[in-house]
Amino acid sequence: MMHESKTILVIEDDTDTRNLFLDVLEAQGFYTISAENGIAGIQQAQKHLPDLVICDILMPDMDGYSVLTTLRQDPVTAIIPFIFLTGSNTQAAVRKGMELGADDYLTKPSTIEDLLRVIAVRLEKQALLRYWYATNSYPTSEPLPLLVDSESIFPLVPQLQAVFDFIEDNYRQGITLSDVAKAVGYSSAYLTNRVKELTGEPVNVWIVKRRIAAARPLLKDTNQTIEQIATTLGYQNACHFSRQFRQHNNGQPPKVWRKQHQLLQATRNVKLQLIKTHGKVGNLVPLSCSSKVNY
Numbered sequence: 010m011m012h013e014s015k016t017i018l019v020i021e022d023d024t025d026t027r028n029l030f031l032d033v034l035e036a037q038g039f040y041t042i043s044a045e046n047g048i049a050g051i052q053q054a055q056k057h058l059p060d061l062v063i064c065d066i067l068m069p070d071m072d073g074y075s076v077l078t079t080l081r082q083d084p085v086t087a088i089i090p091f092i093f094l095t096g097s098n099t100q101a102a103v104r105k106g107m108e109l110g111a112d113d114y115l116t117k118p119s120t121i122e123d124l125l126r127v128i129a130v131r132l133e134k135q136a137l138l139r140y141w142y143a144t145n146s147y148p149t150s151e152p153l154p155l156l157v158d159s160e161s162i163f164p165l166v167p168q169l170q171a172v173f174d175f176i177e178d179n180y181r182q183g184i185t186l187s188d189v190a191k192a193v194g195y196s197s198a199y200l201t202n203r204v205k206e207l208t209g210e211p212v213n214v215w216i217v218k219r220r221i222a223a224a225r226p227l228l229k230d231t232n233q234t235i236e237q238i239a240t241t242l243g244y245q246n247a248c249h250f251s252r253q254f255r256q257h258n259n260g261q262p263p264k265v266w267r268k269q270h271q272l273l274q275a276t277r278n279v280k281l282q283l284i285k286t287h288g289k290v291g292n293l294v295p296l297s298c299s300s301k302v303n304y
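Note that the sequence shown covers residues 10 to 304 in my numbering.
Just to be clear, a hint being listed does not mean it is correct.
Computed beta-carbon distance windows for the label pairs [what the hints assert, rightly or not]:
(1) Lys-56 x Ser-197: 22 to 28 Å
(2) Ala-129 x Glu-210: 25 to 31 Å
(3) Gly-243 x Ala-101: 50 to 56 Å
(4) Val-214 x Lys-134: 25 to 31 Å
(5) Pro-211 x Cys-248: 20 to 26 Å
(6) His-57 x Gln-168: 19 to 25 Å
(7) Gln-168 x Glu-45: 17 to 23 Å
(8) Gly-243 x Gln-168: 21 to 27 Å
(9) Thr-185 x Arg-104: 47 to 53 Å
(10) Asp-230 x His-57: 17 to 23 Å
(11) Gly-194 x Thr-120: 38 to 44 Å
(12) Gln-245 x Val-214: 24 to 30 Å
Quick caveat, the hints were computed from the structure, so don't treat them as lab data.
The structure displayed is predicted, hence computed values, not measured ones.
Each residue gets a CB set at the ideal place from its N, CA and C atoms; glycine is no exception.
Starting from the given sequences, assemble the full structure and let the hints guide the process.
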């Protein structure tokens, strides 16, 4: 199953372990962000607001416990699911992490199936939490309705639920700040300040981010032209779409991004097949080859 919209941050100081996680996750369709230490990890989490964080415990300068504490103290990142990567599954280590607010543990060495299963469970619970905030009630025995679009990139800020819901429902219609403000009953100036105060970004940026998030899977997984994608996402012309896409994708035009990611996806699929073929599916060897001891 592919997960085009979900972004996972991997915080791990061991290069081999970090790269293996990235290869596996990207081959499964996740977007990935990485950090080689805790300080960089916090910065990445605050900047990108990933859907889930996987973090090693024992790292130089700042350990995983400190990373978790910092993220849980920030209202914007406090709700992000957090999975510890550890070489120890002792009761004391587990208890300490859970007391600080960790959602789960992944013990070295682990299998690819273990990794993907833990991630799936945490993302499902996050979806349930979003559903609860949106409806003020838990779903019954009915399956969880897909109220949260699979491409959603909004932070979980209950005070702004109506704002993000309106953007989610109408971002393909070429909406503006004025449209959002009118829909939620605030002035444009007040809404701009309020959203920026709680998320670090103004309303217009969230509208653009939502459109760009929807553009990526269309570029990667369909044969639609740039013009067709721009029209689908509410842009009046492809030039405007391309300009905003470059601003949110390290300066890459849509055509360049498409070619690069289609090639990367094919390469990652080969890598994942090689991992499975050579037996690493049963034991992610690089996860336990480091000489350091994790607590």
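Problem set entry | Hints violated by the structure (numbers, ascending) | Of the numbered hints given earlier, those the structure breaks are 7, 11, 12, listed in rising order.
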